[in-house]
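Colleague: Produce the entire structure from the sequences given, and follow the hints as far as they go.
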Amino acid sequence: MINSELLDKIIEQFETNPAGFDLTLEQIEKDNILCFDILLGSHAELLTDEEMDYLVFLYVILYEAIQRTTAVAQPDEKTVEQTDESTWDIVNEHKDIEACFDTFVNLTGNEDLVEFIYSSLDPDEESSHHFSDTARVVMISVLISEVRLLLPQNSASL
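Under our numbering, residues 1 to 158 are what the sequence shown spells out, in order.
These are calculated hints, taken from the structure and not from any lab test. Worth double-checking, as some hints may not be accurate.
[Stated by the list, open to error] In silico EDC-like cross-links for lysine to aspartate or glutamate, where the CA-CA straight-line distance does not exceed 20 Å:
#1 K78 x D37
#2 K78 x D133
#3 K30 x E77
#4 K95 x D133
#5 K9 x E85
#6 K9 x D112
#7 K78 x D96
#8 K9 x E115
#9 K95 x E85
#10 K78 x E29
[Claimed, not checked] Pairwise CB distance ranges, derived in the manner of DEER restraints:
#11 K9 x G41: 35 to 41 Å
#12 Q27 x E77: 17 to 23 Å
#13 S132 x T103: 18 to 24 Å
Glycine included, C-beta positions come from ideal geometry on N, C-alpha and C.
Modeller: Shown next, in the form of structure tokens:
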């Protein structure tokens, strides 16, 4: 199971060894391009370059954590589309990204992953990253879709 300690360890490793980050990114582009396309997909125009870079950074951390703990799922195009739509349906139903937290925990089966996503994008004054509300919603939704797609137990239950 992925926990906050593993996520912190991966961040630390990527900070001390940026080549490891680059290798994981290359692997994603090679092995899981459909999931990677979600990052660059229909909502990308709503993000600044800085926001997009941070989104990719968080995605690579999540991917690496999943890869270290289980086999990464290889969803097909239909599953990718359905999962992305389903995540956005949840966001639109709740009308508040904070209200989606428990639903996302239930869908992913991992509170630490969802907490990591939310806290990484928390509008905290001490954070060096500040995002618009729209960017934050887009980034959380995209990362939740990615986690749902990459975890094997979730890809079968969509």
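Colleague: Run the distance test for K78 versus D133: straight-line Cα separation, threshold 20 Å.
Modeller: Between K78 and D133 the Cα gap is close to 29 Å, so the pair fails against 20 Å, i.e. violated.
Colleague: Check whether the Cα positions of K78 and D37 lie no farther apart than 20 Å.
Modeller: holds, 13 Å
Colleague: For the range 17 to 23 Å, tell me whether the beta carbons of Q27 and E77 fit it or not.
Modeller: holds, 20 Å
Colleague: K78 and E29 were given as a pair; does the straight-line alpha-carbon distance stay at or below 20 Å?
Modeller: holds, 19 Å
Colleague: Taken at face value, is the distance from the CA of D133 to the CA of K95 at most 20 Å?
Modeller: holds, 12 Å
Colleague: For K30 and E77, compute the direct alpha-carbon distance and say whether it is at most 20 Å.
Modeller: Holds: K30 and E77 sit about 15 Å apart, inside 20 Å.
Colleague: Are K95 and E85 close enough, with their CA atoms no more than 20 Å apart?
Modeller: holds, 15 Å
Colleague: Sort out whether D96 lies within 20 Å of K78, counting only the CA atoms.
Modeller: violated, 27 Å
Colleague: Is it true that the CA of K9 sits at most 20 Å from the CA of D112?
Modeller: The given pair, whose Cα atoms are some 14 Å apart, holds under the 20 Å limit.
Colleague: Determine whether the Cβ-Cβ distance between S132 and T103 falls within the hinted range of 18 to 24 Å.
Modeller: Hint holds: Cβ distance 23 Å, inside 18 to 24 Å.
Colleague: Holds or violated: K9 with E85, Cα cutoff 20 Å?
Modeller: violated, 32 Å
Colleague: Can you let me know if the beta-carbon spacing of K9 and G41 is within 35 to 41 Å?
Modeller: violated, 30 Å
This entry does not satisfy hints 2, 5, 7, 11, going by the numbered hints stated previously.
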